[in-house]
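*Asks:* Spelled out, the chains give:
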Amino acid sequence: MELKKTALHDKHVALGAKMVPFAGYNMPVRYTSDIEEHKTVREGVGVFDVSHMGEFMVRGPQAELLIQLVTTNDISKLKTGQAQYSCMTNLEGGIIDDLIVYKLAEEEYMLVVNASNIEKDWNWISQYAKGEVMLDNVSDKISLFAVQGPKAIEALQSLTPVKLADIPFYHFVKGEFAGVPDVIISGTGYTGSGGFELYVPNQHAEQVWDKIFKAGQPYNIKPIGLGARDTLRLEMGYCLYGNDIDDTTSPLEARLGWITKFSKEFNNSENLRRQKETGVERQLSGFRMIDRGIPRQGYELVDADGNKIGTVTSGTMSPSLSQGIGMGYLKKEFTQPGSEIFVDIRGRRLKAEVVKMPFYQA
Amino acid sequence: MYMQFPEEFRYTKDHEWISLDGDIATVGITDFAQRELGDIVYVEIETQGETVDQGEVFGTVEAVKTVSDLFMPATGVIEEVNEALQSEPELVNSDPYGKGWMIRIRLENTDDYNNLLSASEYAEMVGQ
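Residue numbers (our numbering), protein chains in the order written: chain A, 1 to 362; chain B, 363 to 490.
In short, the hints are calculated from the structure, not lab data.
Computed from a prediction, not measured in an experiment: that's the story for all the values here.
Among the hints, a few may not be true.
[To be verified] Pairwise CB distance ranges (calculated):
| no. | chain 1 | residue 1 | chain 2 | residue 2 | range |
| --- | --- | --- | --- | --- | --- |
| 1 | A | Lys351 | B | Asp376 | 25 to 35 Å |
| 2 | A | Lys351 | B | Asp383 | 19 to 29 Å |
| 3 | A | Glu277 | B | Met365 | 24 to 34 Å |
| 4 | B | Ala446 | A | Leu321 | 32 to 42 Å |
| 5 | B | Gly411 | A | Gln217 | 19 to 29 Å |
| 6 | A | Gln217 | B | Met365 | 24 to 34 Å |
| 7 | B | Ala446 | A | Tyr219 | 29 to 39 Å |
| 8 | B | Glu412 | A | Leu321 | 42 to 52 Å |
[Said to hold, decoys possible] Pairs of lysine-lysine residues, derived as DSSO-like cross-links and limited to a Cα-Cα distance of at most 30 Å, are as follows:
| no. | chain 1 | residue 1 | chain 2 | residue 2 |
| --- | --- | --- | --- | --- |
| 9 | A | Lys222 | B | Lys375 |
| 10 | B | Lys375 | A | Lys18 |
| 11 | A | Lys39 | B | Lys461 |
| 12 | A | Lys211 | B | Lys461 |
Note that the Cβ used here is the ideal one computed from N, Cα and C, for glycine as well.
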């Protein structure tokens, strides 16, 4: 299969990025250094091209009904201008995808889904789209830039009449940005360091990207690759679909109970309600290495006697903590913060400690 | 992207370089390898004093995003490990052919060395 390119592909190559296949796209994994890029976002401001993400428009009198059925969070109280983190469940107890629901207007929503799941999600939602609801997959028409970091507001303010400091977390404004009308300026992100995500029609992507870098120059703005995106999100304990959540993990096991609302009915809600009452047997938990070593996806988690108690779903060296950190589904009796566990790192049993997430307060 | 592969070194297809001085050889990973790996945060070599065969694993190198085995370019005894990499593994990124060296080995014979890739053969292999 030929890899897709984002509108900015040639820019990334010209910037010297190392490009890798990711979810069917050729994406920049790093421009200079993962650690440098990570610190740029934690301390200053950086820009990610995450145009591979998928966007679906859902419109019509029954749009709300459809979204309420396929997603676990409750949109009944969502106001226009608000966004909501949510997930879609299958009928077997697992998660089809995690996503963000934007309420663009009454009877008009945008769903932002993971690139690797665009086709699966589209087919899944389509089968429930009956009656007065229109679905439109606009993934190939929209570019998405995440401008993240404590200096994001200052760096971008000159590009828009919208007062950026007034956009609360998980709220958005549709307004002029870098000379382009109707850009969705969203107070969201996947880094924990604050900032915005900008939804821009492809034909204006290059103009917006260039103006962001020009306006951000005094703030030392830099392009950031997917490598740092992963270390930034992992330090915050955010789930990555395909690693930490998938078709076999329940939202309750994944500690996504806070977006699983039993105040309404949704796909598989009866079974999940029962699971909530009975309690889960395993739970996604964070740990940090005490012995020197770096956990990686797929490594076994064991107890002091070497019995398997889980598997690492995500792991890395944390650039902010200079220490190995990871997540994995642990048997319930090991999920208490402070519990001693061991990671089997290529045949060596190295000590780690279960900790509360986030790993790092940005 | 411009990368350097010193003419006087030999190379493996696993991206190690080896430089020979008498029957003592110094070994590290190439500029290409360090760029592919990204920031190196940990070099683990626990084979000092051991004889390791050509093509066998003598250690591992951990980058932020990935871990990779290190392969012996020629059979020999590992006489010395670069201790500086314990506290400054990033030397492998900044100076892969100098301060970022990994081990010194006493070769069993020099045939192994002579059969490795030349700088131009290696450069061609990595598409330079």
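*Asks:* Does the Cβ-Cβ separation between B/Glu412 and A/Leu321 fall within 42 to 52 Å?
*Replies:* At roughly 33 Å between Cβ atoms, A/Leu321 and B/Glu412 fall outside 42 to 52 Å, so the hint is violated.
*Asks:* Do the Cβ positions of A/Lys351 and B/Asp383 conform to the proposed distance bound of 19 to 29 Å?
*Replies:* Hint violated: Cβ distance 41 Å, outside 19 to 29 Å.
*Asks:* Can you tell me whether the CB distance of A/Lys351 to B/Asp376 sits inside 25 to 35 Å?
*Replies:* holds (31 Å)
*Asks:* Are the Cα atoms of A/Lys39 and B/Lys461 separated by 30 Å or less?
*Replies:* holds (25 Å)
*Asks:* Taking only the CA atoms, is the gap from A/Lys222 to B/Lys375 under or equal to 30 Å?
*Replies:* Since the Cα atoms of A/Lys222 and B/Lys375 sit roughly 34 Å apart, the hinted pair is violated (cutoff 30 Å).
*Asks:* Does the beta carbon distance between A/Glu277 and B/Met365 stay inside 24 to 34 Å, or does it fall outside?
*Replies:* Violated, at about 60 Å.
*Asks:* Regarding A/Gln217 and B/Met365, is the given constraint of 24 to 34 Å on their beta-carbon distance met?
*Replies:* holds (29 Å)
*Asks:* Is the distance from the Cβ of B/Ala446 to the Cβ of A/Leu321 consistent with 32 to 42 Å?
*Replies:* violated (23 Å)
*Asks:* Are A/Lys211 and B/Lys461 close enough, with their CA atoms no more than 30 Å apart?
*Replies:* At roughly 41 Å apart (the allowed maximum being 30 Å), B/Lys461 and A/Lys211 break the hint.
*Asks:* Determine whether the Cβ-Cβ distance between B/Gly411 and A/Gln217 falls within the hinted range of 19 to 29 Å.
*Replies:* Violated - the Cβ-Cβ distance for B/Gly411 and A/Gln217, about 54 Å, lies outside 19 to 29 Å.
*Asks:* Within 30 Å, alpha carbon to alpha carbon, are B/Lys375 and A/Lys18?
*Replies:* holds (21 Å)
*Asks:* The hint says 29 to 39 Å between B/Ala446 and A/Tyr219; measuring C-beta to C-beta, is that right?
*Replies:* holds (35 Å)
Going through the hint list in order, the structure does not satisfy hints 2, 3, 4, 5, 8, 9, 12.
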